[in-house]
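Asks: Residue 469 in numbering that gives the first Met the number 0 sits at position 470 of the sequence shown, with consecutive numbering throughout.
Read the hints as simulated data drawn from the structure, not as lab findings. Some hints could be false.
[To be verified] Quick list of in silico lysine-lysine cross-link-like pairs, BS3-like style, CA-CA up to 30 Å:
1. Lys-208 to Lys-330
2. Lys-76 to Lys-51
3. Lys-208 to Lys-399
4. Lys-272 to Lys-189
5. Lys-330 to Lys-341
6. Lys-460 to Lys-470
[Claimed, not checked] Computed spacing ranges between beta-carbons, pair by pair:
7. Ser-96 to Ala-367: 42 to 50 Å
8. Thr-400 to Asn-484: 27 to 35 Å
9. Glu-203 to Asn-322: 33 to 41 Å
10. Leu-383 to Leu-260: 27 to 35 Å
11. Glu-203 to Glu-90: 28 to 36 Å
12. Lys-51 to Ala-464: 27 to 35 Å
13. Lys-399 to Glu-420: 48 to 56 Å
14. Tyr-329 to Leu-381: 34 to 42 Å
15. Pro-388 to Phe-508: 38 to 46 Å
16. Gln-63 to Glu-203: 50 to 58 Å
17. Gly-385 to Glu-203: 38 to 46 Å
For every residue, glycine included, the Cβ atom is placed at its ideal position computed from N, Cα and C.
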Amino acid sequence: MTLFPEAYKENRGTMSMIAAFYSNKSILITGATGFLGKVLMEKLFRTSPHLKVIYILVRPKSGQTLQERVFQILNSKLFEQVKEVCPNVHEKIRPISADLNQRDFAISKEDMQELLSCTNIVFHCAATVRFDAHLREAVQLNVTATQQLLLMASQMPKLEAFIHISTAFSNCNLSHIDEVIYPCPVEPRKIIDSMEWLDDSIIEEITPKLIGDRPNTYTYTKALGEIVVQQESGNLNVAIVRPSIVGATWQEPFPGWVDNLNGPSGLIIATGKGFLRSIKATPMAVADVIPVDTVVNLTIAVGWYTAVHRPKSTLIYHSTSGNLNPCNWYKMGLQVLATIEKIPFESAFRRPNADFTTNNFTTQYWNAVSHRAPAIIYDFYLRLTGRKPRMLKLMNRLLKTISMLEYFINHSWEWSTNNTEMLLSELSPEDQRVFNFDVRQLNWIEYIENYVLGVKKYLLKEDLAGIPKAKQHLKRLRNIHYLFNTALFLIIWRLLIARSQMARNVWFFIVSFCYKFISYFRASSTLKV
Numbered sequence: 000m001t002l003f004p005e006a007y008k009e010n011r012g013t014m015s016m017i018a019a020f021y022s023n024k025s026i027l028i029t030g031a032t033g034f035l036g037k038v039l040m041e042k043l044f045r046t047s048p049h050l051k052v053i054y055i056l057v058r059p060k061s062g063q064t065l066q067e068r069v070f071q072i073l074n075s076k077l078f079e080q081v082k083e084v085c086p087n088v089h090e091k092i093r094p095i096s097a098d099l100n101q102r103d104f105a106i107s108k109e110d111m112q113e114l115l116s117c118t119n120i121v122f123h124c125a126a127t128v129r130f131d132a133h134l135r136e137a138v139q140l141n142v143t144a145t146q147q148l149l150l151m152a153s154q155m156p157k158l159e160a161f162i163h164i165s166t167a168f169s170n171c172n173l174s175h176i177d178e179v180i181y182p183c184p185v186e187p188r189k190i191i192d193s194m195e196w197l198d199d200s201i202i203e204e205i206t207p208k209l210i211g212d213r214p215n216t217y218t219y220t221k222a223l224g225e226i227v228v229q230q231e232s233g234n235l236n237v238a239i240v241r242p243s244i245v246g247a248t249w250q251e252p253f254p255g256w257v258d259n260l261n262g263p264s265g266l267i268i269a270t271g272k273g274f275l276r277s278i279k280a281t282p283m284a285v286a287d288v289i290p291v292d293t294v295v296n297l298t299i300a301v302g303w304y305t306a307v308h309r310p311k312s313t314l315i316y317h318s319t320s321g322n323l324n325p326c327n328w329y330k331m332g333l334q335v336l337a338t339i340e341k342i343p344f345e346s347a348f349r350r351p352n353a354d355f356t357t358n359n360f361t362t363q364y365w366n367a368v369s370h371r372a373p374a375i376i377y378d379f380y381l382r383l384t385g386r387k388p389r390m391l392k393l394m395n396r397l398l399k400t401i402s403m404l405e406y407f408i409n410h411s412w413e414w415s416t417n418n419t420e421m422l423l424s425e426l427s428p429e430d431q432r433v434f435n436f437d438v439r440q441l442n443w444i445e446y447i448e449n450y451v452l453g454v455k456k457y458l459l460k461e462d463l464a465g466i467p468k469a470k471q472h473l474k475r476l477r478n479i480h481y482l483f484n485t486a487l488f489l490i491i492w493r494l495l496i497a498r499s500q501m502a503r504n505v506w507f508f509i510v511s512f513c514y515k516f517i518s519y520f521r522a523s524s525t526l527k528v
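Model the full structure from these sequences, guided by the hints.
Replies: Written out as structure tokens, the structure is:
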């Protein structure tokens, strides 16, 4: 049986325009070992198996060759379909030893010459996504590296398009965000220069003043990176894609694939394992999650459009869901809990349950009562059994991570999507099918169910055959929860009775009332008989 890639129409053998464009192309992807980069690479190979080569920048790792890193990526379930469509895929991935922290990325002269002379398309996905990254590190990876890559691109005679992946939250200090590049008070070049001679203590002191009303160094440096693209792209054909919160795959190559803890994935695990019981959030705020395959389809389409149509200015494309198909955090939370009840995670710490808090006082209260107190009790148990206590340390790390996400789950934004909708209208029906980025078609309930299942299978590596055992474990946790609460209530009430005459009177009244009610109920039943 002949295997045809998805880009071919059924029973017609005709290829989509976008897929045909990438055939015989040499493509450079930075950040190819990351979540978005892997899905981008998989989609390119699956729809355009005749592309010439994909160069990927790989940071050297001790004890592992570059080719071993490539085989590690290809051994993922993500690439199973690609191996059928493109059996020689491992020969078409050319890993380049590189370090984005070094000048010229520490690329050898031979590799640099090959990149400069052969590359047709650049997808710049590499970035640090750590919200608490030191400003020097964030500037180096999100700003300086972008500047250096643009300099390389300007020396590529065959380059047709340079696509920069930013974030929809680069201007999160605004409530309405248009498809434009917004200026920053301090020029990126001055920031880059200052990072070379300022020491860490001074940088830490000036960081709050520089980032202003943005929540972290990540969003600030991504905004600087966009300005660098605008200022230093020269005559290059450049476009910027701004995704919001990138989540698991929606459809391609199969639903629910995810391989990192960023975004909702970490929250799903923390909730499913029973670690997270409350979170400060605005329930009705829009959860602007966008499936990774939607972002990738848009990115590939943007690469085609930018190379073929050569827009006169740098176009920005928002890959967001909130303005076209909104889902709030309350609805998402309910569906996550409902799915976890059907397919629970193994070895949960507590029975999964989560509530939203809306102010600092209740947040601190529940952090103490529902997070740190159980962790302390569990650590005490570990000490008694001769094991090393670890739960409080783990819980504090979780709460710190959650606190960094609070800004994004307590606000809603409006992103204009004129360019994204324009691009969709420019695609043929076949390209709209193969490279679907129309988020209006997304069914949130189905997507969240697949997301939770994907977290269980691909992140936690749990077998679905273990679901009955996991459900039994949750039943035991539920019984322990009820017994603990009952015992706690009785102890507190007993202490109150011992110290308060009023408490004793209330107690005797309740007991007397219950006794009379039961007696009346029995007498009524006897009369009916």
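Asks: None of the hints should be skipped; say for each whether it holds.
Replies: Hints versus structure:
Between Lys-208 and Lys-330, the direct Cα distance comes to roughly 36 Å. Violation of the 30 Å bound is thereby established for this hinted pair. Of the supplied pair hints, the one linking Lys-76 and Lys-51 holds, its CA atoms being roughly 23 Å apart against a limit of 30 Å. With a CA separation close to 22 Å, the supplied pair Lys-208 and Lys-399 stays within the 30 Å bound. Proximity of Lys-272 to Lys-189 is assessed by CA-CA distance (about 46 Å); at most 30 Å being required, the pair is judged violated.
Between the alpha carbons of Lys-330 and Lys-341 the distance comes to roughly 17 Å, so the proposed pair stays at or under 30 Å and holds. About 17 Å separates the Cα atoms of Lys-460 and Lys-470, which keeps this hinted pair within 30 Å; it holds. The beta-carbon spacing between Ser-96 and Ala-367, approximately 49 Å, falls within the hinted interval of 42 to 50 Å. Look at Thr-400 against Asn-484: about 28 Å separates their beta carbons, and that is inside 27 to 35 Å.
For the pair Glu-203 and Asn-322, the beta carbons lie near 37 Å from each other, so the given range of 33 to 41 Å is met. Between Leu-383 and Leu-260 the Cβ separation comes to about 31 Å, which falls inside the hinted range of 27 to 35 Å. The hint said 28 to 36 Å for the Cβ distance between Glu-203 and Glu-90, and at roughly 47 Å that hint is violated. Take Lys-51 and Ala-464: their Cβ atoms lie about 43 Å apart, and the range 27 to 35 Å is violated.
Range check, Lys-399 to Glu-420: about 39 Å between beta-carbon atoms, so the 48 to 56 Å window is missed. Hint check: Tyr-329 to Leu-381, Cβ distance near 35 Å, so the stated range 34 to 42 Å holds. At roughly 44 Å, the beta-carbon separation of Pro-388 and Phe-508 lies within the given 38 to 46 Å, and the hint holds. A beta carbon spacing of about 34 Å between Gln-63 and Glu-203 contradicts the range 50 to 58 Å that was offered as a hint.
Against the hinted window of 38 to 46 Å, the Cβ-Cβ separation of Gly-385 and Glu-203 comes to about 41 Å, which satisfies the hint.
Of the numbered hints stated above, those contradicted by the structure are hints 1, 4, 11, 12, 13, 16, listed in ascending order.
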